[in-house]
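Participant: Sequence:
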Amino acid sequence: MKTHYVLSALLAALVVAAAPSSATAADRCKNVKFKITNNHKDDVEIKIVQVKFTNPHNGGKEQTEVVKNHVCKPGATCTTNGDNLNNAAKVDLRNIKVMFRAKEDDDDWSDLWVTQPFTPAYPKCTDDRTYGPIVIEG
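Heads up: the sequence shown is residues 448 to 585, going by our numbering.
In short, the hints are calculated from the structure, not lab data.
Hints are not guaranteed to be accurate.
What the hints assert, rightly or not - With a straight-line cut-off of 27 Å between C-alpha atoms, the simulated BS3-like cross-links for lysine-lysine are:
1. 520 / 488
2. 482 / 499
3. 508 / 480
These figures come from a predicted structure and were not determined experimentally.
Work out the full structure: start from the sequences and follow the hints.
Facilitator: Next comes the structure, spelled out in structure tokens:
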């Protein structure tokens, strides 16, 4: 009889340990891109560094995605590489903001700038989705 309880407890522990975490692949919104138009007032290159958005699935907290040194020429519309967003599958992404640096006269990059929040007409995150264009005018 004791062996039965021990085996049941071990089986229960194994089931709990094998259960998926809250950030499983099923919760990810896959290959999401952000389209950004560089209309910077100084007609300079910009380097897109991060994209931030609020995610109601995370209690409305701001979520940050790092963009790896994506440079966008003046007047160009650039699209980030696809990213997998945790806890975002079929979730409305709101208040999307782009964090960027602008090329300065001394050929250095400026401090970090942030765009005004952007919420698309249809904010639901789906696989292979491209949000935008988000226009940088500052």
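Participant: Of the numbered hints stated previously, which ones are contradicted by the structure, given in increasing order?
Facilitator: Violated hints: none; all satisfied.
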